[in-house]
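There are 2 protein chains.
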Amino acid sequence: MPDLDEVSASATPAVAPGGVGIVVPRDFVHSRPFIFQSGQSLPGFTLRYETYGQLNAARDNAILICHALSGDHHCAGRHSPDDRKSGWWDNLIGPGRAVDTDRFFVLCANCLGGCVGSTGPSSIDPGTGRPYGLSFPFVTLRDMVRAQKLLLDDLGVAALHAVIGGSMGGMQVLQWGIEYPGFVRRLLAMATTAREGTQAIAFNEVGRQAIMQDPAWNHGDYPKEGGPRTGLAIARMMAHITYVSDASMDRKFGRRKKAAAQGEAYTFDVQFEVESYLRHQGQSFINRFDANSYLYITRALDQFDLAQAYGSLEAAFAPVQAETLVVGFTSDWLFPPGQNRTIALALLRCGKRAAYAELDTDLGHDSFLLESEDLYTLVRGFLEREAAGVEFCP
Amino acid sequence: MPDLDEVSASATPAVAPGGVGIVVPRDFVHSRPFIFQSGQSLPGFTLRYETYGQLNAARDNAILICHALSGDHHCAGRHSPDDRKSGWWDNLIGPGRAVDTDRFFVLCANCLGGCVGSTGPSSIDPGTGRPYGLSFPFVTLRDMVRAQKLLLDDLGVAALHAVIGGSMGGMQVLQWGIEYPGFVRRLLAMATTAREGTQAIAFNEVGRQAIMQDPAWNHGDYPKEGGPRTGLAIARMMAHITYVSDASMDRKFGRRKKAAAQGEAYTFDVQFEVESYLRHQGQSFINRFDANSYLYITRALDQFDLAQAYGSLEAAFAPVQAETLVVGFTSDWLFPPGQNRTIALALLRCGKRAAYAELDTDLGHDSFLLESEDLYTLVRGFLEREAAGVEFCP
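For the record, the sequence lines run as chains H and L.
To convert, note that position 82 of the first sequence is 81 in numbering that gives the first Met the number 0; the numbers rise steadily by one, no gaps.
To convert, note that position 189 of the second sequence is 188 in numbering that gives the first Met the number 0; the numbers rise steadily by one, no gaps.
It is possible that some hints are incorrect.
For identical chains, the list gives no copy identity; a pair is met inside one copy or between any two copies.
With a Cα cut of at most 20 Å, we get these calculated EDC-like pairs of lysine to aspartate or glutamate [said to hold, decoys possible]:
#, residue 1, residue 2
1, LYS223, ASP124
2, LYS256, ASP301
3, LYS256, ASP304
Rather than coming from a laboratory, the hints here were simulated on the basis of the structure.
Hey, can you work out the whole structure from these sequences and the hints?
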């Protein structure tokens, strides 16, 4: 394993053809008070981020990537040559890829309230020497975006060529267009919504209850390596079902049984492959995610309702100057196509430049993360044309 | 409250117009060994059941109702005049109703493995004087049906005019047609499947994990009034979401906040009405359902796959003599319309008399339980015509 300190730039030549290569996360430390939308405040915060490609002389070729609930800043490349997995959107981002790092300076930050390097409830409160836990301020999507803006200012970015994100990332994209209209040229939101719906709130609540009813949660006060691992795993298992589709799970697992369970038709242990897969999803999640962050971020999702926050969707979008592309996926039942189309329609009603594209997939909500030449074509076209000319699909 | 012992028949004149009135559950005690499909056995079992209407002289006007996972034998009438709620299918069953108790002798039994009077894992094992817990035999849908047949034999029922059920009840309906072809004239299965799908298994598994990871589960060994109440409530909250639809929850609750939470935008306590509703669903369920029964019955659902059990769906349906009506509901995403249609198509391929009807509702899986004149018309027509003439909707 190389000494990562020797790597001077975030990105070095690719390990795999087309990739951004080995990347090193960096920390942006904001040392002034930050007031949250709730009125609560922190004396400062850290955002962990990665960048790929080079900022141009005009400082206006930056593309900000916003991650989803369980994502983080590591969206492309690998952290070491023997890294088993690349960043979560590596298929989309890289030299010559749809988000072309030969042309654009791409960056992504772990969200405020997160747990992968950015300040969140698992961070140490300097006042007590212990994790913030529930004393951490409530976070909103707008708080996340405002914190990202401070990072971009610090990096000297003059304007964003685009903000791109799916799911919770897509909500941030919309918030960016509203909050900093002169700063953003293109908004690309996928598999998202302008209003967290009732069913999505319901699933979030079940996940939170699984966490908060776990005795190890202890009102949010638990040691870094402990905590409500059981509850968090259950929350993740359930949430994972909502990220995929019946069809995709059926194709992947069907009713196949684990080899070990073939002889044993009657057991409450793992019997079907899909059970084993879900348990694995739960177990791997608890090793990388903080339960309190899960509470905070799902609550931020619940509270996201642009129409409610601004009076109407049209009022919310009134300041938007960017050109917008919204992409929905037919099999996404967490943020169904209609919720995505609604965004584009509201923007069009406000006289904004907006388009909606619907991709026919059977992979569910996670479709935006998966390989799709159609998606790459849409993204590339939207980013590279001077005035994005994607046609509106009504 | 009247002395229930004074009520001589199961059903007395209606409390509310059209209803079956006050009903008294009865117990059928089978005192001979019962061998389960797993090869395990019990020295005997009890089924709690209710009946409405009168068995005719030919003993062939009986209609068996099969309940769903969380249902029980109490499907019509009330147990006392001040009963707040009537049986779970009271809207369908009664004098002059779609399942007309003036014409038919209607009965319903709590399933084997259940926890509302029938023998299940919470029953006392006479050998140990303690609840069976995990020493209870694994139960299948076929076991449930075979136990019901013993009850019907005991009551002297000569033939079933129909077997009716939704969801798990619908699976039993299909199993009835296969297992006792000469005994059943009509099969009416709603919101069901011939094969528990991958997503349904996945949700069941998350529910089981919530129960089994609750320390109070204690490998299934817990006192009657204790047990994994937290885990069971979480399982139920999640399952409830799968019984309804995004549209119906949105209409019922939207993003409305509880009055108490209006001033408090930032809390992990109940904030949205839908959260309060789900918590209530969880809390009321744990007062009426046994966690081990939940494990056993969901496992029975997982194992239900007629094509796998008989080689093919056509092989499974080969012995069927009954006329079949399958009803799917457009908004049912737990057992979607296609899974219901598949049943009717397979029966037709076998040369059986079968029809499929699809009702356009936005109430989700639970649509089969809710008021619907269209459903009543379908049921009435199917039950009352000599040769049911419901048209096949391809």
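Hints, verified against the model:
1. In this homomeric assembly, LYS223 and ASP124 come within 20 Å of each other (Cα to Cα) only inside a single copy, at 13 Å, whereas the closest approach across copies is 44 Å.
2. Taking the shortest alpha-carbon separations for LYS256 and ASP301, only the inter-copy value of 11 Å comes in at or below 20 Å, while the best intra-copy value is 37 Å.
3. In this assembly of identical chains, LYS256 and ASP304 lie within 20 Å of each other by CA distance solely across copies; the values are 13 Å between and 42 Å within a copy.
The structure fails none of the hints (numbered hints given earlier).
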